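Protein chains in written order, with the numbering used here: chain A, 1 to 100; chain B, 101 to 188; chain C, 189 to 268.
What the hints contain is simulated information worked out from the structure, not anything from laboratory work. Wrong hints could be hidden among the right ones.
Claimed, not checked - Derived pair list, reagent style DSS-like, types lysine-lysine, alpha-carbon separation capped at 27 Å:
1) A:K39 with A:K93
2) A:K93 with C:K267
3) A:K97 with A:K39
4) A:K64 with A:K39
5) A:K93 with C:K264
Nothing here was measured: the structure is a model prediction, and the numbers come from that model.
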Amino acid sequence: MTDWLSGALLIVGAFFYAAGTLGLLRFPDVYSRLHALAKADNLGLGCVLLGLALQAESLAAGLKLLLIWPLALAASSAVAYAIARRADRLGVKPWRKDAP
Amino acid sequence: MNDIDLVVALFLLGNLIVALLAAARGPTAADRMLMALLFGTTGTGILVLLAQVMNIPALVDVALVLALLAAIGGVAFARRAWQGDGHD
Amino acid sequence: MSIAFDLLLALALLWSGGRCLSVDRLDRAIVLFIAFGLLMALAWARLAAPDIGLAEAAIGAGLTGALLLDAYGALKRRKA
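Just need the whole structure built from these sequences, with the hints factored in.
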């Protein structure tokens, strides 16, 4: 049962990683690419970590795996904020469908 | 269960390489830096999976360091290196 | 399966290293260098050397990348 759950979580995590990469390749401007990357990839990382924590031998090892996630979330949201603010400061216009 | 771990690690590595190939010729400086950000997250995932597959718990620490320092690289880019009209 | 992982990793390492040396723009070379450092850390992990991988991830991908980006920004500011 635990094996199945962990495998399913790993596959869901891989799917979110693929979604993040697809967003990086296909979205039209810096802000939307940032949006795809910072959220989808970190959700993928969270699913992978949860799936691996279910396989861990001891409670301490599992908790350590899970503790990586808040760190990655804080780091990536800080970087996403810094890059988006800088892009706005430099005058990069957000993409609009009607006015290219 | 090691099989699916390795398959997911391989898939993530393929993901990483596709992003590397595409973003190395990305249009703006920010795109290339976004690739470095993606490398941080995906590399953390691959290292954690490798720690399980190869049964080396120390690799989890490597993953932690990578997650932390990818953020430093991104902030250094945003605060110090990226200037100009944004499309260079 | 693991041989496929290793081959893919080695190919990506060679490509990013060669591209980092041959690309003509400094900012692209820096980003490729960061990517190379990360792939190198993965390679050390694959070789069951987590200590060297830790050093590579911290120094190669993280700190040197940030320092190079800072130096690039300083160069650009001086030129402007």
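Each hint tested on the structure:
no. : hint              : verdict
1   : A:K39 with A:K93  : holds (21 Å)
2   : A:K93 with C:K267 : holds (26 Å)
3   : A:K97 with A:K39  : holds (23 Å)
4   : A:K64 with A:K39  : holds (22 Å)
5   : A:K93 with C:K264 : holds (23 Å)
Of the hints listed earlier, there is not a single one the structure fails to meet.
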